[in-house]
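Chain B: place on chain A using the hints.
Residue numbers (the working numbering), protein chains in the order written: chain A, 1 to 440; chain B, 441 to 884.
Since the hints were derived computationally from the structure, they do not count as laboratory data. One or more of the hints may lead you astray.
[Claimed, not checked] A few chain A residues that don't get close to chain B, going by computed Cβ distances all over 10 Å:
id, residue
1, Ile14
2, Ala27
3, Asp35
4, Asn40
5, Gly89
6, Val92
7, Arg95
8, Ala123
9, Glu187
10, Arg197
[To be verified] Only part of the chain A face toward chain B is listed, based on derived beta-carbon distances under 10 Å:
id, residue
11, Phe7
12, Arg21
13, Val25
14, Glu26
15, Asn28
16, Arg29
17, Leu31
18, Ala90
19, His94
20, Phe314
[What the hints assert, rightly or not] Some residues of chain A that are not near chain B, with every Cβ distance over 10 Å (derived):
id, residue
21, Leu24
22, Ala39
23, Glu201
24, Asp216
25, Val392
26, Gln398
From the three backbone atoms N, C-alpha and C, an ideal C-beta is built for every residue, glycine too.
Residue-level listing of the chains:
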Amino acid sequence: MTPEHKFAENFAEIHPPLGSREALVEANRCLFCFDAPCANACPTHIDVPGFIKKISSGNLRGSAMTILNANILGLSCARVCPVDVLCEGACVMHRYNQSPIEIGRLQRHAMDYFYDAGARLPAAAAAKPGCVACIGAGPASLACAAKLRQQGFPVTIFDNRPLAGGLNTYGVAEYKLRPADSQKEVELVRSLGVEFRLSVEIGGELRVRELEEQFDILFLGVGLGPTQPLQIPGEHLPGVMDALHFIAGYKTHRAAGVGRRVVVIGGGNTAIDAATAALRLGAEQVHVLYRRSETEMPAYQFEYDLAMREGVQFHWLTQPVAIHGKHAAEYVECVRMELGPADRKGRRQPRPVPDSNYRLDCDMVIPSIGQSRLFDFLSQFRGVQLEAGRVVVDASGQTSNPRYFAGGDCVNGGREVVDAVAEGQRAALAIARRLEEIHG
Amino acid sequence: MAELAATFAGIRSPNPFWLASGPPSNCGDQVKRAFDAGWGGAVWKTIGEPIVNVSSRYSSVDWNGQRMMGLNNIELITDRPIETNFREIAEVKKSYPHQAVIASLMVESRRDAWHEIVRRAEDAGADGLELNFGCPHGMSERGMGSAVGQVPDYTTMITEWVKEIARTPVLVKLTPNVGDIRAIARAAKRGGADGLSAINTLNSITGIDLDTFTPRPDVGGRSSHGGYCGPAVKPIALHMVQQLTSDPEAGLPVSGIGGISGWREAAEFLLLGCHSLQVCTAVMHYGYRIVEDMIEGLSNWMDEKGFRGLDDLRGISLPRVTEWKHLDLNYKIVARIHADLCIGCELCYIACWDGAHQCIHLEGSGTPAQVLAEARARYTQTPAVVAVDTAHTPPERIPRVDEQACVGCNLCWLVCPVEGCITMDRVDTGLVPESWEQRGAGSQ
Numbered sequence: 001m002t003p004e005h006k007f008a009e010n011f012a013e014i015h016p017p018l019g020s021r022e023a024l025v026e027a028n029r030c031l032f033c034f035d036a037p038c039a040n041a042c043p044t045h046i047d048v049p050g051f052i053k054k055i056s057s058g059n060l061r062g063s064a065m066t067i068l069n070a071n072i073l074g075l076s077c078a079r080v081c082p083v084d085v086l087c088e089g090a091c092v093m094h095r096y097n098q099s100p101i102e103i104g105r106l107q108r109h110a111m112d113y114f115y116d117a118g119a120r121l122p123a124a125a126a127a128k129p130g131c132v133a134c135i136g137a138g139p140a141s142l143a144c145a146a147k148l149r150q151q152g153f154p155v156t157i158f159d160n161r162p163l164a165g166g167l168n169t170y171g172v173a174e175y176k177l178r179p180a181d182s183q184k185e186v187e188l189v190r191s192l193g194v195e196f197r198l199s200v201e202i203g204g205e206l207r208v209r210e211l212e213e214q215f216d217i218l219f220l221g222v223g224l225g226p227t228q229p230l231q232i233p234g235e236h237l238p239g240v241m242d243a244l245h246f247i248a249g250y251k252t253h254r255a256a257g258v259g260r261r262v263v264v265i266g267g268g269n270t271a272i273d274a275a276t277a278a279l280r281l282g283a284e285q286v287h288v289l290y291r292r293s294e295t296e297m298p299a300y301q302f303e304y305d306l307a308m309r310e311g312v313q314f315h316w317l318t319q320p321v322a323i324h325g326k327h328a329a330e331y332v333e334c335v336r337m338e339l340g341p342a343d344r345k346g347r348r349q350p351r352p353v354p355d356s357n358y359r360l361d362c363d364m365v366i367p368s369i370g371q372s373r374l375f376d377f378l379s380q381f382r383g384v385q386l387e388a389g390r391v392v393v394d395a396s397g398q399t400s401n402p403r404y405f406a407g408g409d410c411v412n413g414g415r416e417v418v419d420a421v422a423e424g425q426r427a428a429l430a431i432a433r434r435l436e437e438i439h440g
Numbered sequence: 441m442a443e444l445a446a447t448f449a450g451i452r453s454p455n456p457f458w459l460a461s462g463p464p465s466n467c468g469d470q471v472k473r474a475f476d477a478g479w480g481g482a483v484w485k486t487i488g489e490p491i492v493n494v495s496s497r498y499s500s501v502d503w504n505g506q507r508m509m510g511l512n513n514i515e516l517i518t519d520r521p522i523e524t525n526f527r528e529i530a531e532v533k534k535s536y537p538h539q540a541v542i543a544s545l546m547v548e549s550r551r552d553a554w555h556e557i558v559r560r561a562e563d564a565g566a567d568g569l570e571l572n573f574g575c576p577h578g579m580s581e582r583g584m585g586s587a588v589g590q591v592p593d594y595t596t597m598i599t600e601w602v603k604e605i606a607r608t609p610v611l612v613k614l615t616p617n618v619g620d621i622r623a624i625a626r627a628a629k630r631g632g633a634d635g636l637s638a639i640n641t642l643n644s645i646t647g648i649d650l651d652t653f654t655p656r657p658d659v660g661g662r663s664s665h666g667g668y669c670g671p672a673v674k675p676i677a678l679h680m681v682q683q684l685t686s687d688p689e690a691g692l693p694v695s696g697i698g699g700i701s702g703w704r705e706a707a708e709f710l711l712l713g714c715h716s717l718q719v720c721t722a723v724m725h726y727g728y729r730i731v732e733d734m735i736e737g738l739s740n741w742m743d744e745k746g747f748r749g750l751d752d753l754r755g756i757s758l759p760r761v762t763e764w765k766h767l768d769l770n771y772k773i774v775a776r777i778h779a780d781l782c783i784g785c786e787l788c789y790i791a792c793w794d795g796a797h798q799c800i801h802l803e804g805s806g807t808p809a810q811v812l813a814e815a816r817a818r819y820t821q822t823p824a825v826v827a828v829d830t831a832h833t834p835p836e837r838i839p840r841v842d843e844q845a846c847v848g849c850n851l852c853w854l855v856c857p858v859e860g861c862i863t864m865d866r867v868d869t870g871l872v873p874e875s876w877e878q879r880g881a882g883s884q
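So here's chain B without its partners, still in its complex pose:
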């Protein structure tokens, strides 16, 4: 059995799965139930001067019948008194000494205010502090959250204030709503941060009610931009995490956040160098219980791959991310359609014709318009003559690839609904690897 114990910026937890700061970590009862379910840590819902929230607060993007592909919120930090939150942190730490409890903090940009909140958080027993410089809505209008995290100097300044008195590790949570996230990471490093949490939510308007014309979430006929998260943001988060973990100037351990819904995404963030993982939307969707599969799935996969602990796999995909100019121009793959698996949907055909390079063909046909014209010609037969053979794909519906013309773009493979029906196979070009950079150098 693989060992899942994690250490991130000096903070230990029995596994890398932490609740991200948000509604699932709003109060002590919730965090206790999460730890009972198996979560390794929790970043408390951001603590600061209590705010007043609006109703409603969330909206989502559904896709193809699936709910909450992406989630947006306009909820602010905790609406509960500071002392209540710290009292509950102390209670949780007493009952769950092995799980990590991190206090997410946000107060106005005054040195004394930050000193006071840091002192109280550590007195309550927090294992670490996460400075919320990422919240993109509401709080930023008051000069907090992403208003700090979008300006490197503010980031450095407040991190320094915190580090002046902090005894526990200090994490800076980064906003993705910047031109280059590395600039803020470097600023946090200059301020003395011990680690980074990335990414916070993306500025978003998820949609508009086409009957009322009000964007969602609707607050009495008006709305406001919110923060976007959930499965939809994972690719953006992975990219930003990769930028951070491969930036020698930032050089801080990262807790990965953004669209982690299961063990597969968790493995991806670890492979790109993360030390811990934070989850919020998936818990909001399905509850704390999802951590069971996350732990088991990650552990089983690690066993299968021979990884004994997280250190064995952390960051091993990083060397495989490079700049485009270093990619081998002479590497060639082509699509191959395995007729025995083809169900005859012809999605690869139309995708290649309309969206790619016109190198998938149907027997005896040319353009899609010609295929449809032939079908219409058959339509003149009434009644239609159809032999219903549900088991076999009619041979004329199985497309073929012109391998000479195929550019190996992957599109047909991506649209094919049948696993293994289209494979992208390596073709030996007989040429030695050569990148764009090398080719450019050669031509000079």
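Excised from the complex, chain A in its bound form:
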């Protein structure tokens, strides 16, 4: 078996597509609720029963358009949405002694049809005056740009990476979404006439002032920064690689190296993505360290269940204090923690248990304790108010500088792709109104 095949097998899709007959049976299970809770639970408010009904009638193009009209990134959302806590979590079937409708997989069914049939969207509206720059090529900007372009406004997307798509391309576990699928959505947005300028560093070769001169409105969809540093000795040793770099590396280079014994630090969904990827890449043991207990872990239950099924070992109430090694990481020095009283937010604060240090041998450490805020980068945009490193926006997505709008992780601090899409689209509505004011 070639490494390429091996990789494909190990990263096989976790939610495989439904066969057409399977999709029909599943679609027919849908009760077609009125004012459906699933549609309410979706941040982009896709008319879920509406698109499912169209699958059951064989109107797959109509189904896909129902999805895409509400959410231009319907393909990636169908694959990466945490449906358990969104649409499927709200499904009335839970109270009907039945499993919820597999909304995510049905959405994928309609999306697969749409893309297989040539991904034809209705032509954008006639050109309108005004031009918009979207900074960052992730889901928020793609959604914002697509909505504006469909209404006839010219939009240019800027990103410092060679591929557009943001975390959809570089940061989502391979078994959920492949870069090639993320690129299909980028191409869909491009097909609307959105211009992409990639591998461009804003503030470097392209100054913010130039952008402000060239564009009426700027949309900030820049996401978050690199993984936060652990701030412990040894974190710069070879063999230590933060989760986002690790995930982007294996997704873009495929055969990226992995250790034999891997320690992942953090209890979020990205930590789980990194841990399960490490196993799939060939690690013999993967340990996840989290400083609180199982109940406080921020990762979704289904992500945790997946990691448990795959054999990831969890170390609760454990904090790394140093990474040791002569030339590269050899072991993590850990300390046991206990939970103290709750803080103002009601979260119990962990504190070290004295003299409980122990060593955990490893040859790779993957810190995954959340992404940092882009303080320095965002402070280039004059008049855009920040709060704790997040861009502050009003209910329409407008920042304190009326020429700037924002959405996605840089506003919400790091949520789902579907939230970024909702915020990008929300901003697009307000931007369109603003452009019409400007240009009459």
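Same frame as chain A, now just chain B:
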């Protein structure tokens, strides 16, 4: 254990479940396997001068992901030689003396032709004869099948010819493709028939291929109307059977046919007065094995209800079928939604608003358009604030019934997916029963 032995027009069988004349009773091997599976009788695939069939022959109506809610066929009578069929009937009767074997017959409308086929069928040992006056496709173009069964005089005439020499009971199989099935039943009675089989298939075009524009079944780019059967036709069959069994002028025992797929439908046909039951489509779908559940289910239900034999239950629903004018106008029921069972789908709400009488409401809302407008107003919150509580229905999603306005139509109860969540409860109007007829008489 209830006794299921049946006697219909003098024909005995260990249970009332017979194969209807059709593909499952095409040859001796099939009928033997059916009897081994437990079938009480079989009406042989119609025997006559062998025909040539086309390909394809069947088409169906699927519904909501379920296959073959209704089945249509354009197959004709047997394509095997007459002597082969009669030889196999003789063989089957020899091996299975207790099961009923009925020869379904169709020949051209000549007295001598009918005399000959009747003689040969009885010589082969058939327990009875079923005259196929019902086949609605192909054969009718040749002056047979429903071409006979749609004309009372032809029905009487051919039945008389058969009765001139028949020694076994003669059943006439009726077509539903007539204005009033009772007229044909009475004609059969005049001809001397001993029993009726009803219903044969309904004229149908099941659908059209939206790519080729050819109706199904497609025979080289053309199609022809066929005969419709299967679960979809049961309500029509039940109604026609009720017309026959409550018609004193027809006054013949009936073998019920049409959409019987399990013991429940069987019980319904018996309650409306049938003496035996014939099944075809369900066997074509699932095989002879379905008879096991039919026998067991019917028997268990009869035990539960205290019926010892088929005579105890036959026809007991007939007095409860009446003309509309005799129904009590003062009987009132209203819908009640049991909040503890409600899953919050709001199907009753939208059904009542758009399809009934606008008497189911959501708290604080008016029309469906207002409900959706309120939902859209919530949509402006991004990110959406949703507390996922899979166990409890949010109170605002549980509709309530305005009992004063409720007309008791049943629609909400019919659309509600949860058993027992909506009940239709009797309300005492304080009025004595009064029918439309009585009210009309009073006003005169």
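Now the hints, each set against the structure:
1. For isoleucine 14 of chain A, the condition that its CB be more than 10 Å from all CB atoms of chain B holds, with the nearest at approximately 21 Å.
2. Listed as a non-interface residue, alanine 27 of chain A fails to keep its Cβ farther than 10 Å from every Cβ of chain B; the least gap is roughly 8 Å.
3. The non-interface label for aspartate 35 of chain A is inconsistent with chain B: the shortest C-beta to C-beta separation is roughly 5 Å, within 10 Å.
4. Against chain B, the non-interface label of asparagine 40 of chain A is violated: not every CB pair exceeds 10 Å, the least being about 6 Å.
5. Some Cβ of chain B comes within 10 Å of the Cβ of glycine 89 of chain A; the nearest lies about 4 Å off, and the non-interface call is violated.
6. Non-interface status of valine 92 of chain A relative to chain B is broken: a Cβ of that chain comes within 10 Å, the nearest being about 4 Å off.
7. A beta-carbon of chain B comes within 10 Å of the beta-carbon of arginine 95 of chain A; the shortest separation is about 4 Å.
8. Taking the minimum C-beta to C-beta distance to chain B, about 27 Å, the non-interface status of alanine 123 of chain A holds against the 10 Å cut.
9. Every Cβ of chain B is farther than 10 Å from the Cβ of glutamate 187 of chain A; the closest lies at roughly 26 Å, confirming the non-interface assignment.
10. The beta carbon of arginine 197 of chain A sits about 28 Å from the closest Cβ of chain B, which is more than 10 Å, so the claim that it is off the interface holds.
11. Violation of the interface hint for phenylalanine 7 of chain A is found here, the shortest Cβ-Cβ separation to chain B being roughly 34 Å, above the 10 Å cut-off.
12. A least Cβ separation of about 9 Å between arginine 21 of chain A and chain B falls short of the 10 Å threshold, and the interface hint therefore holds.
13. A distance limit of 10 Å between C-beta atoms decides the matter here; for valine 25 of chain A the minimum to chain B is near 5 Å, and the interface restraint holds.
14. Hint status for glutamate 26 of chain A: holds, given a least beta-carbon distance of 9 Å to chain B, under 10 Å.
15. Satisfaction of the interface hint for asparagine 28 of chain A is found here, the shortest Cβ-Cβ separation to chain B being roughly 4 Å, below the 10 Å cut-off.
16. Against a cut-off of 10 Å between C-beta atoms, the interface hint on arginine 29 of chain A holds, since the closest Cβ of chain B lies about 8 Å away.
17. The interface hint given for leucine 31 of chain A is met, as the beta carbon of that residue sits about 5 Å from the closest beta carbon of chain B, less than 10 Å.
18. Using the Cβ-Cβ criterion of 10 Å, the hint placing alanine 90 of chain A at the interface with chain B is satisfied: the shortest such distance is roughly 6 Å.
19. For histidine 94 of chain A, the interface hint holds, the least distance from its beta-carbon to any beta-carbon of chain B being 4 Å, beneath 10 Å.
20. At about 24 Å, the closest approach between the beta carbon of phenylalanine 314 of chain A and any beta carbon in chain B exceeds 10 Å, and the interface hint on this residue is violated.
21. Taking the minimum C-beta to C-beta distance to chain B, about 5 Å, the non-interface status of leucine 24 of chain A is violated against the 10 Å cut.
22. Distance check for alanine 39 of chain A against chain B: the nearest CB is about 8 Å away, which does not clear 10 Å, and the non-interface claim fails.
23. The claim that glutamate 201 of chain A is not at the interface with chain B holds, since no C-beta of that chain comes within 10 Å of its own (minimum 30 Å).
24. No beta-carbon of chain B is positioned within 10 Å of the beta-carbon of aspartate 216 of chain A; the least distance is around 23 Å.
25. A cut-off of 10 Å between C-beta atoms confirms that valine 392 of chain A is not in contact with chain B; the least separation is 15 Å.
26. Every beta carbon of chain B lies more than 10 Å from that of glutamine 398 of chain A, the smallest distance being close to 13 Å; the non-interface claim holds.
The structure fails hints 2, 3, 4, 5, 6, 7, 11, 20, 21 and 22 (numbered hints given earlier, in ascending order).
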